[in-house]
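**Student:** Residue numbers (the working numbering), protein chains in the order written: chain P, 1 to 607; chain D, 1 to 607.
By construction, these hints were calculated from the structure, which means they are not laboratory data.
Take the hints with a grain of salt, since some may be wrong.
[To be verified] Cβ-to-Cβ under 10 Å is the rule here; a few derived chain P residues that face chain D:
1. Phe191
2. Glu431
3. Tyr438
4. Asp467
5. Asp521
[What the hints assert, rightly or not] Once the Cα atoms are required to be at most 27 Å apart in a straight line, the calculated DSSO-like pairs of lysine-lysine come out as:
6. P/Lys339 <-> D/Lys224
7. P/Lys58 <-> D/Lys58
8. P/Lys486 <-> P/Lys476
9. P/Lys584 <-> D/Lys584
10. P/Lys289 <-> D/Lys584
11. D/Lys234 <-> P/Lys224
Keep in mind the model is a prediction, meaning the values are calculated, not measured.
Cβ atoms here follow ideal geometry from the backbone N, Cα and C, with glycine treated the same way.
2 protein chains.
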Amino acid sequence: MTAPLLSRRDLDFILYEVLDTEALLARPRYADHSRETFTAMLDTAEQIAVTLFQPHWKAVDETEPSFDGERVRLHPDVKPAVDAVSEAGFLAAGHDYDLGGMQLPDVIERAAICYFTAGNIGTTAYPFLAAAAANLIVAHGSPEQVDRFARPMLSGRFHGTMALSETQAGSSLSDITTRAVPSPDGTYRLFGSKMWISAGEHELGENIVHLVLARIDGAPPGVKGISLFIVPKKLVQADGSTGERNDVVLAGLNHKMGYRGSVNTILNLGEGKFRPGGEPGAVGHLIGKPHHGLAYMFHMMNESRIGVGLGAVVLGYRGYLESLAYARTRPQGRRPGSKDPSAPQIPIIEHADVRRMLLTQKAFVEGGLALVFYCGRLVDEARTGTEESNRDATRLLDLLTPIAKAWPSQFCREANDHAIQVLGGYGYSREYPVEQLYRDNRLNSIHEGTDGIQALDLLGRKVRQEDGACFRLLLKRIAQTAAAAKLTGDAECLRLGAALEQASAELVTTTLALAGAPDLDRGLANAFVYLVVFGHTVVAWLWLEQAIAAAKGLAAGAGAGADEAFYRGKIHAARFFFDWELAKVASQHGLLRRLDAACLTMRNEWF
Amino acid sequence: MTAPLLSRRDLDFILYEVLDTEALLARPRYADHSRETFTAMLDTAEQIAVTLFQPHWKAVDETEPSFDGERVRLHPDVKPAVDAVSEAGFLAAGHDYDLGGMQLPDVIERAAICYFTAGNIGTTAYPFLAAAAANLIVAHGSPEQVDRFARPMLSGRFHGTMALSETQAGSSLSDITTRAVPSPDGTYRLFGSKMWISAGEHELGENIVHLVLARIDGAPPGVKGISLFIVPKKLVQADGSTGERNDVVLAGLNHKMGYRGSVNTILNLGEGKFRPGGEPGAVGHLIGKPHHGLAYMFHMMNESRIGVGLGAVVLGYRGYLESLAYARTRPQGRRPGSKDPSAPQIPIIEHADVRRMLLTQKAFVEGGLALVFYCGRLVDEARTGTEESNRDATRLLDLLTPIAKAWPSQFCREANDHAIQVLGGYGYSREYPVEQLYRDNRLNSIHEGTDGIQALDLLGRKVRQEDGACFRLLLKRIAQTAAAAKLTGDAECLRLGAALEQASAELVTTTLALAGAPDLDRGLANAFVYLVVFGHTVVAWLWLEQAIAAAKGLAAGAGAGADEAFYRGKIHAARFFFDWELAKVASQHGLLRRLDAACLTMRNEWF
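Just chain P, with the same shape it has in the complex (with noise of 0.2 Å):
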């Protein structure tokens, strides 16, 4: 099998047919780029992962990070993959050219890191871990923070994580308990342990810069008391060098069940293994106001949940390309109505069944494609757009970020899933790669905020934002999209548009019902449903412009080359996650809007 990590055209075609990213080359910030300067990047992009980052990829899983005691050890060919990304422009790319960015849109971006993506996830994760620690401090770090950690960090000089678990605070973030205390110099000094921390420990640069949420001595209990410190591994002088230790040991790691090639670890802060200064406690600086820490992390945690919804796209995509190839190539069986046993073997993409698998991964994967880009494409617009489409944008975005991270996380570990199925017994073997892809985007559910924090996210907060305002203007692209499909004059793209404008229809009533719930335990009891049922609805709606767009591909006159199966392809699809995906979330529709109490009910001892 020599399946491609992605399809570039597949990529093209939501970038460009549907979200025509090209209108951003009309916006002064993206002036020097041109649909030749973002092809490059992706061709750049193709040729690290599939040189550095790919080779290596099953390597990682087989012989995962080790701690000595002392060190941790990577895989050798871990490093230079790591390096070409930042050599390559990569961890700057979306940042202002005097951060030595490239003011690269972030959907172009974010089409790149598909790539290493798909190459190697776990090797992934370290440059890009630091760049998002990076794009925290250049937001609300002082200017004194950005040029002497962030500008590091997005040269590739130094890395970073972001460090907010505790063992006993994972999903309850406002019950960690490390400590930071005010020093006379102006810095903090942080006392406790983090947990789950990726990539906490390593030798791929010269210094790890931690950000940390801790408890300044005296703040109030609960998420109002948290503060956001800067603790780098060693300690860095205004010069900018590295030297000093700082107190931050890892005390081992955690062995996962995929995604091996991050190392995860356990972080103790002012053991007293090291004493910075000859002072205990690990040295930590303030960003921003004391007590503002969850805020500001938001910042970073926002930019990763989209980023996690990628990774799981991402791996869903790259299975489904797998499984396409093998299904295409390997014989087995006849059609059921073949009575003839000596008659040659089909190819199993030929059995109805495995379509069903494979029709359901494509369904997944580019649904979930069109939805992180279109995240992305809403980056764009609220860095760059008017006023009005900047504000929608960012209403978009906060209502958006639980489905982009929850739903691919959800649906394109299904696809993987199907993979598996697809190739059998020999997708069940780790000679080939479709196991491997599960394992790793299993993660996806849990890291950055569960897929039950995700529901609660959604339907306890951003639905009812700025008095329901976001979710308005949703149902209001929505009906665009619905008004757009019958334009086509395509009965297909009819036919979908009314459905989805049913479908918004019911989501409204529900979101109704749920609103108007006696209280918020009850209210909130079936979130996870209502997170399925909405998600299942917004990659409809994407799918709808994924149809439209190929529809007016065919209108224009494909031919009846690629391009026309292309096409009919994604018609077909969008058809296919109308009928059988949008069709099966509807009967979830009774159970929400009567407010069930089936979980509310049941009570501990009678399980």
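Based on these hints, arrange chain D on the given structure of chain P.
**Tutor:** Relative to the frame of chain P, chain D by itself:
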């Protein structure tokens, strides 16, 4: 966490309160037994599982069987565990006394196997694969073959395998090419290569008896030209002693995602490494008549298919119990309505979304357990019932086998996925058991006929069998249960009874629509969806049986103790399965009835 391997209370409930296993004691075959002997068997199985199976379950995952070019090396703890099973008499437990058996009911034997499986599914595969192979020889072999091969297998001296698949023939057995050439001494000489052979090579016993499908030279093509042979690893003399090596050679191992404890092999037959008797080819003994091999093999396969379903249930069950124990003790967060961040955290079982994941698991695994035990009960009925009840049991068993195999493989795997999610980051860590349970379970949708194959068996064969007699019988049983629900006087049972009647009527309408398809390809295109809808209806039926038994338990005055909680939990889970799960598949009837052709009309080049 100290979760038990299984819930004995639930096993007893299904065995005695739902399936009335004690009624079997009136039959002559089981006259020597009592509920006490059944309990003693389960106690013994649990004891062996806890002391000899569970302790090395993690170890065989981390250090899987290896092949040094000559031998397969298994973990040293496998043999004592396997030996304990045969020494305690479990291998031959269901057989006649004169075969060394105990004449134990099948349903009790299966309940005992649950414990070994929950402890360590990989190690469990060795003895019970051997037992299943021996059962086939007992059923279809000559008396001399029974003495020479089956008896030592049932006593644990010999082991056994089923060797069906080949590299080019997995799902499509009609395409196997292994040749069998008649030898003047009445045996055959076999040449070929067999793929995916579990337990194909090891040194746990004195010999391994492979049951091999092959084509006698000149046989007709397809399934009507397949014969079944006994091919021992070492030749067995008339006096039962083993000597010369047969030409069955280990060509390599497959490395799996999970289920790693049971070695999976590629075996070459007659490649010439050994020349038994000086002649080329592996010596094989024909079972029964030439060209009838597949029919005999189905004896073992049907038994194994229910066994696969049982394995899937048990792995799901263990994950449920592990995640339940975790959820009860892990404090995290507060209720949505709680505004006080300094209030203590609550155990996560108090969160509605965690309860959703636990309830879903409970509904799947306890429903699945009732299904596979019901099948075991049918085996006993077919063995010892009246002429009519025997015929009915055989019909139901035929119909339910694909469901018993595929439904738990699908939904108890989904249960394992929920267990991971309940544990969050810990669930994704190999330090906790739930991720391995998922990986172990993932095989069950693949081996012994994939889910897709089971779906074709159900819709293409079993439902139509005897002009629909099996299906009609199931409908009758469902109607009886719905009628019994009305007699309980319990409002919930009444409601669920009505819902079951409706689901049954929907299934009939859908089945007739599919039977009226214009052609076989169209009629079978959505067989997998049909299997899910059918399976959910069957499991709903068995959940109603459980709810009725629980209502009886409550009516009989269970009091306010553990029994009351147990029964209330059963009724709540039944309700949950109907309202959350059965309602979900209801939407699929439309898709099936309109003979949705999305999978058929999708074209290869459109992907």
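**Student:** Hint numbers the structure violates, sorted upward?
**Tutor:** 1, 4, 10, 11
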